[in-house]
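Participant: One line per chain: the protein sequences are A and B, in this order.
For the first sequence, my numbering gives the first residue as 1, with consecutive numbering after it.
For the second sequence, my numbering gives the first residue as 10001, with consecutive numbering after it.
Simulated from the structure, these hints should not be mistaken for lab results.
Possibly wrong hints are sitting among the right ones.
[Unchecked claim] Calculated pairs, DSS-like style, for lysine-lysine (alpha carbon to alpha carbon, straight line, at most 25 Å):
{"hint": "1", "chain 1": "B", "residue 1": "K10525", "chain 2": "B", "residue 2": "K10427"}
{"hint": "2", "chain 1": "A", "residue 1": "K266", "chain 2": "B", "residue 2": "K10137"}
{"hint": "3", "chain 1": "B", "residue 1": "K10525", "chain 2": "A", "residue 2": "K20"}
{"hint": "4", "chain 1": "A", "residue 1": "K17", "chain 2": "B", "residue 2": "K10052"}
{"hint": "5", "chain 1": "A", "residue 1": "K64", "chain 2": "B", "residue 2": "K10427"}
{"hint": "6", "chain 1": "A", "residue 1": "K266", "chain 2": "B", "residue 2": "K10052"}
{"hint": "7", "chain 1": "A", "residue 1": "K407", "chain 2": "B", "residue 2": "K10898"}
Since this is a predicted model, take the numbers as computed values, not measurements.
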Amino acid sequence: MRYSGLRVIAEALTGHKGWKPVWRDPAPQPDYDIVIVGGGGHGLATAYYLAKEFGQKRIAVLEKGWLGSGNVGRNTTIIRSNYLLDGNEPFYEFSLRLWEGLEQDFNYNAMVSQRGIINLIHTDAQRDAFTRRGNAMILNGADAELLDQAQVRAMYPFLNFDNARFPIKGALMQRRGGTVRHDAVAWGYARGADSRGVDLIQNCEVTGMRIAGGRILGLETTRGFIGARKVGVAVAGSSSRVMAHAGLRLPIESHALQAFVSEGLKPFIDGVMTFGAGHFYVSQSDKGGLVFGGDIDGYNSYAARGNLPVIEDVAEGGMALMPAIGRARLLRIWGGIMDMSMDGSPIIDRTPVEGLYFNGGWCYGGFKATPASGWCFAHLLARDEPHPTARAYRFDRFLRGLMIDEKGQGAQPNLH
Amino acid sequence: MSTRLATGGRLIDRTRPLGFSFDGARLRGYAGDTLASALLANDRMLVGRSFKYHRPRGILASGAEEPNALLGLGTGARFEPNVRATQQPLFEGATATSQNAWPSLAFDIGILNDLAARLLPAGFYYKTFIHPRPFWKHLFEPVIRRAAGLGRAPREADADRYEQLYAFADVLVAGGGVAGIAAALAAAATGARVILAEQTAHWGGRAPVDGDRIDGQAAAEWVAAALARLGAMPNVTLLPRTMVAGVYDHGYVLAEETLADDPAPGHARRRLWRIRARRIIAATGAIERPLAFAGNDRPGVMLASAVRDYVVNWAVSPGDRTVIVTNNDDAYRTALALLDAGLAVPAILDARPEATGALPAALRARGVRVEAGRAVARVLGRGRVRAVQTCLQAGEGAVIDEIPCEAVAMSGGWSPVVHLWSHCGGKLRWDEGRAMFAPDPARPPTGADGAAMVIAAGAASGALHATDCLRDGHEAGRRAAAEGGSMPPEAASPAEAPHAEAPAEAPLMPVWRMPQGAGVRLAAKMWLDFQNDVKVSDVELAAREGYQSVEHAKRYTTLGMATDQGKTSNINGLAVLAGAIDAPIPAVGTTTFRPPYTPVVIGTLAGEARGAVFQPLRRTPIHGWHEARGAHWEPVGQWRRPYCFPQGGESHADAVRREVLAVRNAVGLLDASTLGKILVKGPDAGRFLDMLYTGVMSTLPVGKCRYGLMCNENGFLSDDGVVARLSEDTFLCHTTSGGADRIHGWMEDWLQCEWWDWKVYTANLTEQYAQIAVVGPKARAVLEGLGGIDVSAEAFPFMAWVEGTLGGIPARIYRISFSGELSYEIAVPAARGLELWERLMDAAAPHGATPYGTEALHVLRAEKGFIMIGDETDGTVTPQDLNLGWAISKKKADYLGKRGQERSFLTHPDRWRLVGLETLDGSVLPDGAYAVAEGTNANGQRNTQGRVTSTYFSPTLGRGIAMGLIARGPERMGEVVGFPTLDGRVVQARICDPVFYDKAGEKQNV
């Protein structure tokens, strides 16, 4: 069923009784060519591109809860490609380009909204670093420009420009950055995958992997054994637990990241703003809520909720940047589990088990990567070789010293 | 019309009238009013507009669950949007404004959306606005964004103050209704430390309004006596106007206390409580559910409990005639309250097939028309209720009769407030008989000891009836004290719970749609979420389209996502969903309960950490001197350091040039106090530093200094600095200014987690010393001017340190150089820093006495080819990349980073390595530029072969100089490479030796 404004008008005349389900609710088949574990953004995108771009058939996505119930349903919705390092920037730029045509591609309005993202600059050293980043982005075909203080002031006159430690001296801007309605991404991919014959199986948790002779045969699930020629795991937040079924330990720690939304306010922040020095970033949704966040909670956890210290840090950072928001109210705080990798960058790779592939380690940056992650994982699953933009996301980079450490933090997952 | 009754009102003080305004109209209320009760008393039935369709909205509720009555309050720097009128006490001069309406609340152009409502069902925007793509950015979204939001965002810096404090309790009781009070009494009697928090300004919850009797007294009297007892107990803290917002791991609780609505200057407005509680009693009551009938969103349709509250608490009549519509006995209490106030109840429409309990009988006895099996077919009246049309609940909505009225009081039953139970993972059970989700005692949230840390009590646990509620509260208090208190469980807790006398109630009948057989036309007028405009038909549409998980339905329809977070809508919505997909309600389940319970102002969470104390500025002892000399400042880590000292009308660039030349030709003074200084002491100190640094520190003789590099486990350079050996077992490690805390933490990480048996301790002495660098050919003469220490080349050679009294000030002097010049760094106790600085300036006067800043420091080091952490390094650069192999021991078995550096990519010959760069025309190479190579790679990315790391104008050489990392750089001396810039130019530069000045290193060693 194709969506359009005309269709909505036609349905309105009949009480909206003609709308069809966005996806089927199939029972699992005994076996598939490819099974994707994880019905989140990356898993659904993988299935979608496998069917649409790579001509694969007999595909299933297994989701332990409801489609989109992972981090695609609980992030702060930002898209951007303002990365520095060679291993990352081409990939994220590829992703941003896929975002730019996504809605037309899957005929679902996910509200891809390129209202721009700025990273605030407070010191000369930061300006040098952001200049370098801007150069790296441009060399990779992305857009970047440096704003001076007056340009930032013209956009957001209510910021605190005069804090002694964090005077705002300018910003690195990527105009093509922005936000996307996150749930709609999962739904759009799910609908697109389903219409191409992919079985989306909800409430189906993987409880074990059947492996013989170093090769994956299928998955034990709460809905019985499901055979598979190839299995792709894309279960950010649960990666270490799911891969443990194959006896694999990952270079990943699990941490909660909290996100925040305020009550609805009339729009006053057009784009996305990051105040890295104050550990705070913010945008305003099309509904009017300020959507913001800060650092991850420092301890390891699988509980999708955070704790008070980060909440206070974030509120402080917000008020330091925007002293007026003291009287705005925080409506809801939630948490999700991040796969924090050893260098802050993701992994899309084969595993030592033949036929078992892994996609994870997205840290707190997985949402913006969704289209490219799906495309590149589909590429790897279908052709058994990495997509050119994801070539760096290998497990063995830690062994070889090819870390992709944007922040230069070293091997400390909770600091990335 | 709604109006104030002549008598009554248990919470208002008629002797204290208050003036306030609403949308400019001057109105009056009384002390004790809420903004909502005062507005109703002034016949302000219309108080807002809904989010999506801009439908007229009146007050629905009387407490935290209110979805409609959201107002702007205050002006200027005290303007606050989205204030819930039902929770805001009235105060003199309050300025309230309506929201989300233009040009006015009464005539809102946004109502056009309502006329088009059929075109705008749930999720319509996912199916439209797709083509053509540019229209979204330039047309559709700007229109949507213009309509977004409710209240205006505050624009001025918040003028008020907020406090924060910590508290500890054996038992925290959230909720000051009778269950909470009974719990607090029982727990406090054992001697346990008890905190009792109540979100409103009043104790007792619903009991005083409902008119029940407790232990032979009127409920209000019992509450007053109980509060007096609790108030007299030293182990009890009473916190009215304190909303427990969230429960976190291990009994950590966040609560927000309102201290003043209109605080006096300098006084705090709100206070954040961080409470660590051994046991938490959630006595948070229950929330009444609306009924879903057509037109239930009209102003004048209110919750039955709210009507009762307004009549009893605030003597406000919602109208002369109120029709009651219910599926339970409790709503009959509202009819009693209305009758007692002299108001009319034309009819009670009870959806149940029969209404035979004690309460219906009482109403019938008073002559009220009680109709069983009856429902509301639709509400008439647009801006406010005019009449209701009745029908059979079991039917499809054929109108039986029409009852004129000004208000409708509805009750669909009660839902326990389970938020605090659920925040940390407590599970719920579905109570079929009473149609509600209640805490499942078998699956509680557990704390650090693995035991239940939250105990639900009273109505929050499902004990809705007053008798059960008190017993439940009492037992919860005893149990919490036994588990969380320090007293034995049999300690002085009264065994008997307070006893309530209240009429028995007949069971309710679940009603999720009224009438049962209503079709889509009626369903499209049955509101579930009043603020976000989600109707029964929207949830059914979501179900039809396959959004059948409760989370899908919520996210697709926005049900429960408004500022009330679905307090009145979630249960009704999921019941409708369950009906639509023909699943039992417990199989559908609830969405996740997340903190805060009601929204918390961001100011409370930030507290005093705002403005200048957000992250306080650190100042050196000489800071004031710099300030007085007009230093141009630069933030450096937590510090602010002088960038340069411009004189007269001098530009910054000219000042830097003058400062550099003064150092090269005479002498300059630098405030180096920010330099990190970490003392490392103990028998294993040398062994420890040998692991920490790439070089060997254990062989350093006492009295000498050595430059050292620190790497992380990956082998990348993370900090550098000079180490001085103060005694056999004591080293002083200098770090970068920004790195002191990080490196100190790094040291402690290794000592505490890995080498915990090594006998070493560390102390960060950074602020204990002022440190001044005296730099330049005349440096020795300056120090000799102060006298007291022999600073001759013979007595005090390069890379040594001495201790003594310099010009009468105890000092330690390090002969080290970051400029290539003769240089002494003098450390004195911080309190003597300014004195030494001024003495040195005096002594340097004959030589120009030039203070210099960080930019000159950078230029001086760059002219010498010295690296700077953060410029030449970014966490991906090894010491070997920077040609610092000489500072890496080849003999040591291990050091942090050694194994990392042996990996194949880190030893690859193609790595980018440090070189000097000079532009062909002598200009300054742009910072942050990359050196490009021929062609593109597989991703279409322009190939690169290096980048600029530092670039300056060198006053000494009179041209631009730069350092950079270039692939195989040191092998390519003399080669020219191109650097494209952000503005599209390409600058050509020649690879050269990074040491631009005094290549032999003679000047620092004289």
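Participant: Hint compliance check: list the failing hint numbers for this structure, sorted ascending.
Facilitator: 1
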